[in-house]
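Chains as they are written, first to last, in my numbering: chain A, 266 to 592; chain B, 106 to 804; chain C, 54 to 304.
Bear in mind the hints are in silico, worked out from the structure with no lab data behind them. Careful: at least some of the hints might be erroneous.
[Stated by the list, open to error] Sample of chain B residues lacking proximity to chain C, with all beta carbon distances greater than 12 angstroms (derived):
| no. | residue |
| --- | --- |
| 1 | Pro147 |
| 2 | Pro292 |
| 3 | Leu365 |
| 4 | Val508 |
[As the list claims (entries may be wrong)] Derived pair list, reagent style SDA-like, types lysine to any residue, alpha-carbon separation capped at 25 angstroms:
| no. | chain 1 | residue 1 | chain 2 | residue 2 |
| --- | --- | --- | --- | --- |
| 5 | A | Lys549 | C | Lys252 |
| 6 | A | Lys558 | B | Arg243 |
| 7 | C | Lys252 | B | Lys773 |
| 8 | B | Lys717 | B | Arg243 |
| 9 | A | Lys406 | C | Ala287 |
| 10 | A | Lys580 | C | Lys252 |
| 11 | B | Lys773 | B | Glu507 |
All C-beta atoms, glycine included, are put in the ideal place defined by N, C-alpha and C.
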Amino acid sequence: MANVLVIAEARGGALKKVALEATTAARTIADASGGQVHAVLFGAPGVGAEADKLGAVGADVVHVCEHAAFEQFDAESFAATAAAAAQAVSPKAILVGGTAFGQDLAPRIGAKLGAGVAADAIDVTMDGDAIAIRHPMATGKVIATLVAAGQLAIVTVRPGAIAVGTSAKAGTVQPLAPASDPAASRVKVTKLTTGGGKLDLAEAPVVVSGGRGLKAPENFKLVEELADAFGNAAVGATRAVTDDGWRPHSDQIGQTGRQVAPSLYVAVGISGAIQHVAGMRNSKTIVAINKDKDAPIFKVADYGIVGDVFEIVPKLTEAVRAARAQR
Amino acid sequence: MSGQNVAFLLVLLGALGFFSYNVQRMAGYLRVGLPEDRTNAPGRRTWNLLTIGFAQTKILRERGAGLSHAAVFWGFLVVTAGTVEMMIQGVWPSFGFDRLLARPLWQLFMLSQELFAVVILAAVSWLLWRRLVAPPKRLQGEEIHSTEAVIILCVIATLMITIVTTGAFEYVARPATHETHFGWFRPLATALGAMLGGMSASAAHVGRDLSFWTHALLVLGFLNFLPYGKHFHVFVSLPNVWLSDTSGPGVVGAMRPMDLEAETDTFGAVDVQHLTWKNLLDGYACTECGRCTAACPANITGKPLSPRKIITDTRDRLKEKAPLVMGIPDVDGSAERLRAAPGAQAVLDERLLDDWITEAELWACTSCRACVQECPVNIDQLDIINQLRRGLVLNESRFPEEVLPAFESLETNGSPWAFSPSDRAQWAEGLDIPTMAELQARGQRPEILFWVGCMGSFDDRAKRITVAFARILQAAGIDFAILGQEETCHGDPARRLGNEYLYQVLAKGAIETLDRYEVKTIVTFCPHCFHQMGNEFPQLGGNYEVIHHSTYIERLLAADLVPLRTEHGQRLTMAYHDSCYLGRYNDVYDAPRETLRRALPVVNLVEPTRTKSRGLCCGAGGGRMWMDEKEGKRVNLERTEELVATGAETIAVACPFCMTMMNDGIAKLEAPVTVLDISEVVASQLDPSASRQAQLAGD
Amino acid sequence: MKIAVCIKRVPDMGARFKIGADGASIDETGLKFDMSDFDEWAVEAALQLAEKNAGSTVTVISLGPDAVQETIRKALAMGADAGVQLKADGVPAGGLAVAEALAAELREGGYDLILFGRVAVDTAAGITGVMVAELLGLPCATALSKLEVAGGSATGERQIEGGTESLSFPLPAVCTIDQGLVTQARYPSLKGIMAAKKKPLAVKPAALGQAGVTIAKMELPAERAAGRIVGEGADAVPELVRLLQTEAKVL
């Protein structure tokens with residue numbers, strides 16, 4: 266019988282989607298062995314209102330730990346409290362979202378409880394009586410399966426990898442007192458600035474790049490609009506256009522610029538010379554739009570459209586916007 | 106001996122003494138630099154002296170100024186004999202070469218003096234007009250000492266005039282000598298003397314003495330001025346030509362070898378004491394003519410680099426620092442005293458790198474060797490640039506940040522491009538080309554190794570050149586193999602960029618692989634690979650016969666080994682762009698052109714204005730392929746415009762770097778011009794029906 | 054300041070990987086190894102701090118077989134003062150075993166600052182550094198893209214989803230370093246490489262703890278299918294979007 270503990274992340278009083286994903290995964294494990302899913306929820310007073318969302322995806326019990334200081338993230342207090350909760354629940358696995366929150370907490374809990382941590386899991390299951398965790402390694406080129414045979418495993422779950430389930434449970438709320446005084450925490454969050462930060466090329470899940478095929482710097486507008494349509498895309502450029510001053514040098518993707526490996530790379534009006542390809546060939550999916558069917562970019566692209574970028578890109582922008590609106 | 110003679114003797118001895126002191130001082134400064142042996146190959150050196158030195162071959166590359174200077178130079182060789190006679194006469198008035206030479210010979214000698222005096226006068230007048238009224242761009246600006254040039258030209262003019270006037274006054278002062286010392290062989294002095302006939306003898310004597318002393322003092326003054334300015338080249342240039350390594354077969358353009366195991370505080374050079382005495386001598390030899398800068402692709406397109414400035418800075422830095430190091434000749438303790446003077450410490454704290462020559466100048470260089478090619482006194486500007494680059498990289502890890510991925514990729518992937526080594530032979534799939542490993546397993550060895558190079562292995566456009574050349578080899582039935590995945594970069598990009606350490610690691614690895622397969626002959630289509638393996642590998646013990654594909658294909662065509670189509674289609678206008686590493690570095694100008702003509706007899710080959718040894722670089726050499734171009738006009742654009750202006754429909758190249766640069770230029774200009782490698786031209790003319798072709802999948 | 058940086062030797066991520074014969078490891082034949090990128094930035098950050106605070110020292114520690122000495126020498130060539138190899142046959146998974154060995158080495162070191170890279174590029178886990186802090190009872194600030202040290206305390210910044218957190222904490226502390234803290238790790242000069250040969254590199258056995266998890270299996274993900282031209286002109290857009298949604302699942 267394996268209980269599973271979930272550390273549910275909330276920011277600004279609202280539950281994060283990854284907390285629901287982690288709870289879903291916990292539910293699956295608990296069901297496989299007839300155990301319970303306990304969730305721990307930290308936040309400023311009032312965050313407890315989110316507890317029923319956790320119940321809706323499978324939490325049997327939600328331990329709500331509210332404190333005025335928990336408006337901000339407090340690694341030391343959260344970790345101490347989670348470890349204490351684990352002592353009570355005796356879980357087989359502790360799951361948390363693989364965000365900055367989870368990546369900070371999971372190892373602390375692991376060290377406190379003498380357990381190993383598996384990070385960035387795309388799948389967590391029970392294999393016999395061992396927790397099995399699958400996660401990508403080596404920039405996604407290898408998939409490893411870790412097992413915690415008979416022991417407690419701490420797991421961070423890759424955001425978006427596990428579909429949120431609908432197996433509702435009681436979600437009984439229980440108050441939980443912080444196991445350590447937040448005032449004694451040594452690392453303090455002094456300020457939280459939200460939004461703003463331009464999406465960094467190396468981290469953006471989608472990159473839309475433009476090359477000389479756009480003919481003039483004004484036409485980069487097309488690329489920016491397409492990136493905007495994706496919502497989470499950064500804009501890149503080839504060396505030819507950055508050398509000409511159309512875009513800043515920091516936007517240049519290639520051998521002498523940035524090297525990126527996003528989930529989706531869209532190359533607009535880019536011929537695909539070695540200089541550029543060397544900077545983006547590790548992207549998971551590559552789309553190329555170019556008027557020259559012999560352009561080398563089509564050799565490296567998964568999907569290509571041959572034609573006039575000025576006709577194709579606006580159409581694509583529309584279509585992407587529509588597709589995302591449906592989500 | 107009269108009082109005047111005694112005075113003259115004293116002046117002469119004083120002048121010569123002072124001159125000798127200065128020469129000694131300047132020679133002493135050279136000892137600030139590192140030692141170097143320049144006594145090898147005396148035959149080649151002497152040939153250089155005769156051609157470049159005495160026959161002025163490099164100076165004559167520019168018609169007008171070249172001829173003028175050659176005239177002055179040759180003129181001075183002749184007129185100096187007369188000057189020597191005059192100097193002796195100053196002390197011993199009755200001396201004359203007529204005492205030593207048979208009369209007809211002496212008459213010819215005297216004629217030569219006036220003749221060349223006129224030639225020199227005409228030349229310097231033209232040169233003066235040019236300097237003052239219509240100076241070319243390379244003679245303008247702050248870099249050079251134009252005032253000095255103008256003054257010296259005036260001095261020379263005056264010297265030539267005084268040769269005639271001295272003779273003319275003598276004519277008047279000594280009527281007894283008319284029969285013996287004047288006549289057809291001294292036309293000017295005789296004629297001018299006759300015109301002055303009305304003068305009294307005493308006036309003529311005064312005139313003659315004035316003229317004589319003016320001439321002598323100007324000569325001695327000029328002599329002693331030489332060590333202080335660029336005219337020192339008058340003495341230094343001929344020895345500099347003899348001592349230079351920049352002309353001649355074999356090791357042309359090979360970068361200076363470097364022993365990385367040597368115990369040293371500084372790798373490469375950051376100041377004058379890290380250069381060799383020969384580098385420093387180059388500084389003395391510089392005439393500030395600026396032909397190097399005028400030919401420099403970086404300078405032409407607005408970058409801060411001026412090869413002339415590299416040399417004049419080296420010279421001026423040496424002159425500033427050397428006294429503090431060497432002191433005054435034969436004056437004990439002078440060095441310490443000079444160092445204690447105010448401002449001396451600041452001079453010692455400075456260095457050639459950064460305080461005189463900036464990073465921007467050094468990295469702008471494409472190592473095209475146009476500067477070395479043009480220099481009439483055989484200065485090697487590139488040697489100093491390379492040593493300073495080594496100084497930047499090996500001691501301080503300073504290089505443009507966009508170069509770092511290339512260095513890292515060379516270390517990790519054995520290629521400056523971030524591609525997996527396992528992708529190297531992908532171009533060969535389906536072409537049935539054996540690898541050295543496969544052949545060795547069968548106990549065989551091919552006649553030649555086709556070295557593909559990193560561009561040809563990974564760049565999509567260059568891969569088409571690789572395939573074209575492979576097809577030609579197969580059509581000709583050549584027994585060849587490739588290294589496949591065992592091929593790694595020979596390190597040339599790292600070396601050009603100053604990273605001698607990384608270069609030696611890579612080069613030694615490549616040599617090890619080549620030796621393991623006992624490779625003897627290598628053919629490659631990349632001039633950088635060609636130059637590196639053929640000319641520089643011997644420094645690390647790698648000795649192979651390396652042939653560029655243009656030479657190799659020409660040989661195959663000349664021997665009729667390549668089956669070509671007989672019908673040739675329409676006349677095509679083609680401009681061939683000379684690759685720097687093929688042309689200026691290795692003298693290969695004709696083979697690619699011949700190849701084109703043989704493959705396409707109907708071709709109309711047109712030449713751009715700057716062609717062959719004057720060809721403008723494509724901009725990718727010297728490691729610049731891996732650098733961003735942030736200032737001025739793009740070099741490749743400058744060159745592409747020139748090639749397009751010939752009216753050619755196709756630009757032919759023999760280098761994958763040039764291919765990339767020209768393609769980029771054409772795209773930028775949106776010109777309806779194609780760029781083809783010469784092997785692609787030949788491959789397109791392969792006879793499809795030839796039996797050797799039968800097995801190949803058709804194109 | 055006494056600064057320690059823990060570094061990891063990892064294979065070059067640009068390589069084509071194969072699974073080892075045991076089915077649970079990466080086949081190392083032909084692989085090139087180097088310091089993990091984030092660790093390089095951590096070393097660079099340490100060197101910059103040491104340059105700003107005269108009299109500081111930077112010690113580099115790495116756990117693994119003798120091959121890690123090459124990685125330590127690279128850090129020494131960059132300018133670190135001393136290196137320590139904690140000798141072990143391999144690097145166990147899960148972070149705990151390694152963290153215990155590192156903590157044992159760091160405990161008596163009297164370090165003001167202990168730096169790690171945010172993650173090691175091969176495992177992309179980011180566990181070890183934070184665990185070490187916990188085991189040593191030190192404050193830990195993770196994923197810093199800004200770090201300022203003054204007197205006995207420090208401030209930093211880190212990117213979180215949708216924002217930036219500003220942190221303050223006392224020293225001694227453990228920090229994990231993210232991209233952006235330094236513009237670039239310095240390239241070791243030949244001078245540095247020569248000097249590194251003479252710097253001290255101590256070899257000690259690693260006091261590994263228990264590994265909480267083990268690698269049961271490694272496999273290659275499904276092969277990337279060859280690309281294709283979806284169509285020509287704007288008419289091909291709907292098909293492309295469909296493929297991105299259903300096949301590539303990126304939309």
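Results of checking the hints against the structure:
The claim that Pro147/B lies off the interface holds: its Cβ sits roughly 35 angstroms from the closest Cβ of chain C, which is beyond the 12 angstroms cut-off. Every beta carbon of chain C lies more than 12 angstroms from that of Pro292/B, the smallest distance being close to 68 angstroms; the non-interface claim holds. Not every CB of chain C lies more than 12 angstroms from the CB of Leu365/B, the least distance being 7 angstroms, so the non-interface label is violated. Distance check on Val508/B: its Cβ comes as close as 9 angstroms (rounded) to a Cβ of chain C, failing to clear the 12 angstroms threshold; non-interface status is violated.
A distance of roughly 43 angstroms separates the Cα atoms of Lys549/A and Lys252/C; the hinted pair therefore is violated under the 25 angstroms criterion. Pair hint Lys558/A plus Arg243/B does not hold up; C-alpha atoms about 47 angstroms apart against a cutoff of 25 angstroms. For the hint pairing Lys252/C with Lys773/B, the CA-to-CA distance comes to about 52 angstroms; that exceeds 25 angstroms, so the pair is violated. Under the criterion of a C-alpha separation no larger than 25 angstroms, the hint pairing Lys717/B with Arg243/B is consistent with the structure, at around 22 angstroms.
This hinted pair does not check out: Lys406/A and Ala287/C have alpha carbons roughly 34 angstroms apart, beyond 25 angstroms. Between the alpha carbons of Lys580/A and Lys252/C the distance comes to roughly 62 angstroms, so the proposed pair goes past 25 angstroms and is violated. Using a Cα cut-off of 25 angstroms, the hinted pair Lys773/B and Glu507/B holds, with the two alpha carbons roughly 22 angstroms apart.
Violated hints, in rising order: 3, 4, 5, 6, 7, 9, 10; the structure is consistent with all others.
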